[in-house]
Structure formats: C-alpha cells, structure tokens
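Enquirer: With these hints in hand, go ahead and build the complete structure from the sequences.
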Amino acid sequence: DAKTTQPTSMDCAEGRAANLPCNHSTISGNEYVYWYRQIHSQGPQYIIHGLKNNETNEMASLIITEDRKSSTLILPHATLRDTAVYYCIVRVDRDSNYQLIWGAGTKLIIKP
Amino acid sequence: KAGVTQTPRYLIKTRGQQVTLSCSPISGHRSVSWYQQTPGQGLQFLFEYFSETQRNKGNFPGRFSGRQFSNSRSEMNVSTLELGDSALYLCASSLSGNTIYFGEGSWLTVV
Numbered sequence: 135d136a137k138t139t140q141p142t143s144m145d146c147a148e149g150r151a152a153n154l155p156c157n158h159s160t161i162s163g164n165e166y167v168y169w170y171r172q173i174h175s176q177g178p179q180y181i182i183h184g185l186k187n188n189e190t191n192e193m194a195s196l197i198i199t200e201d202r203k204s205s206t207l208i209l210p211h212a213t214l215r216d217t218a219v220y221y222c223i224v225r226v227d228r229d230s231n232y233q234l235i236w237g238a239g240t241k242l243i244i245k246p
Numbered sequence: 007k008a009g010v011t012q013t014p015r016y017l018i019k020t021r022g023q024q025v026t027l028s029c030s031p032i033s034g035h036r037s038v039s040w041y042q043q044t045p046g047q048g049l050q051f052l053f054e055y056f057s058e059t060q061r062n063k064g065n066f067p068g069r070f071s072g073r074q075f076s077n078s079r080s081e082m083n084v085s086t087l088e089l090g091d092s093a094l095y096l097c098a099s100s101l102s103g104n105t106i107y108f109g110e111g112s113w114l115t116v117v
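Residue numbers (my numbering), protein chains in the order written: chain A, 135 to 246; chain B, 7 to 117.
These are computed hints drawn from the structure, not numbers from a lab.
For each residue, glycine too, the CB sits at the ideal point set by N, CA and C.
Errors might be hidden in some of the hints.
Claimed, not checked - Cross-link-like lysine to any residue pairs, in silico, SDA-like; alpha carbons within 25 Å at most:
| id | chain 1 | residue 1 | chain 2 | residue 2 |
| --- | --- | --- | --- | --- |
| 1 | A | K186 | B | Y107 |
| 2 | A | K203 | B | G48 |
| 3 | A | K241 | A | G149 |
| 4 | B | K63 | A | Y180 |
| 5 | A | K203 | A | T139 |
| 6 | A | K203 | A | G149 |
| 7 | A | K245 | A | A151 |
| 8 | B | K63 | A | R228 |
| 9 | A | K137 | B | Q47 |
| 10 | A | K186 | A | K245 |
| 11 | A | K137 | B | I32 |
Said to hold, decoys possible - Far from chain A by the CB rule (all over 10 Å, computed), these chain B residues:
| id | residue |
| --- | --- |
| 12 | S33 |
| 13 | T44 |
| 14 | E88 |
| 15 | G90 |
| 16 | T105 |
| 17 | V116 |
Expert: Take a look at the structure:
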C-alpha cells in the first residue's frame, strides 16, 4: 500500500503562506492524493485532492511533483483558524472500491 | 445542503454493554463509511456501505458491525464493549466512494 510521511508538527506566522510537505514515494499511477484537516474535537474537513496536475480551490493549492513521489499543500494566507492537524492521504483503489490510507498528520500551529 | 449528521454526540457506556451509533449522510450520497479515531492508533477504517451492502471492511473484530438502510442512513453497533473501544467514531458520506465528507463524530467513553 502507498503510505505517506509528514512532519509531526510545523509553525507558521499568521498572514504568511503555510507550506505542508508530504512524501508518498510508493504511490501508484492511479492513486490520488487527498488532503484533509481536523480541528480539535471535530470531524476531518476535506481540503483538496489531485492526481498529477497541480490543483487550486478556495481553500488551498496542491502542488504534486512530476514523479508524484511528493506533494505540498499550500495555504496562501494562514489565519489562526487554520491551526489544525493536516492529513495527507493516498486513495487506494481495491477491486473498484476506494479506501483512504491515513497517516499520522502534521500538527500546524499558526502563530499571531 | 445539510452535512453529515451523527447522533449521539457524546455517550458513556459500561464495559460489556453494547452501543448503536447513527449517521445520516449528505442528501444524495449513497456511500457511508465509518472510522474509529483514538490518540494511539489515529484514524482507522471500520467499514463502508453502498446501497445497503457492505463493500469494504477494515480489520476490526466481529463485535463491530454496521448496516445501511434504504434511505442511505447508517448505523454501527459495537457489542460487548471494552475499555479500548473508547474513541471518536466518525461517519463519512460520498456520492460513490471517492471524496468523502465527515460528520462531527460520536464520542464514546467506556467505563
């Protein structure tokens, strides 16, 4: 199974861009990379996902390297409310069923 | 559009008892999956239901079971509760199993 490796924790100043790295060196060609975040005591919130191309939505940008072995989630202007655990996840297809393989996540702390 | 709704939000049970948790998916979503989250083990996949059929299952003992109704609402049941079952139980729904959207979870404490 493809697995992800993320830093345990990171700090970022409020108003700056937060760049969260993720390694997924064993990812297969048809496996998507998903990002979720979880604010304490709440359910995980979907952020963005991608396969090969870079993606952007109202929350964040996802940059995937050409070899697909790593990716970076970018929060362009971090606010205090972005403090959360961020999960980089690979979606594995098993017999046409999808399963998300969760890692330990990165605890992102936004500092004023 | 209403999100995924889970009930109850918090509950306390005694060892040996059983518990049933409920999940109402986002309207139109037919896939419902369940996860257990504990500080030590992180997020672990329990099972997924689609059109009332279980189509994916994680590595949990048979004490953990679930079902899905014709309106896509789902329940999960844990029998013979153990202290280690104390966790946040998360339900997620999706249109067809790809991008999933989570509820706020049910906090279960077993004493």
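Enquirer: If a hint holds in the structure, say so; if it doesn't, say that too.
Expert: Structure-based check of all given hints:
1. K186(A) / Y107(B): holds, 22 Å
2. K203(A) / G48(B): It holds: about 23 Å lies between the C-alpha atoms, which stays within 25 Å.
3. K241(A) / G149(A): holds, 18 Å
4. K63(B) / Y180(A): holds, 22 Å
5. K203(A) / T139(A): Holds. K203(A) to T139(A) sits at ~11 Å (cutoff 25 Å).
6. K203(A) / G149(A): violated, 29 Å
7. K245(A) / A151(A): holds, 12 Å
8. K63(B) / R228(A): Holds: K63(B) and R228(A) sit about 11 Å apart, inside 25 Å.
9. K137(A) / Q47(B): Roughly 15 Å separates the two Cα atoms, so the pair holds.
10. K186(A) / K245(A): Roughly 32 Å separates the two Cα atoms, so the pair is violated.
11. K137(A) / I32(B): violated, 29 Å
12. S33: holds, 17 Å
13. T44: holds, 12 Å
14. E88: E88(B) clear of chain A: closest Cβ-Cβ about 23 Å, beyond 10 Å.
15. G90: G90(B) is indeed farther than 10 Å from all Cβ atoms of chain A, at 19 Å.
16. T105: Violated, because the least Cβ-Cβ distance between T105(B) and chain A comes to about 6 Å, which does not exceed 10 Å.
17. V116: With a cut-off of 10 Å, V116(B) remains clear of chain A, as the shortest Cβ separation is near 18 Å.
Going down the numbered hints, you'll see the structure goes against 6, 10, 11 and 16, while the others check out.
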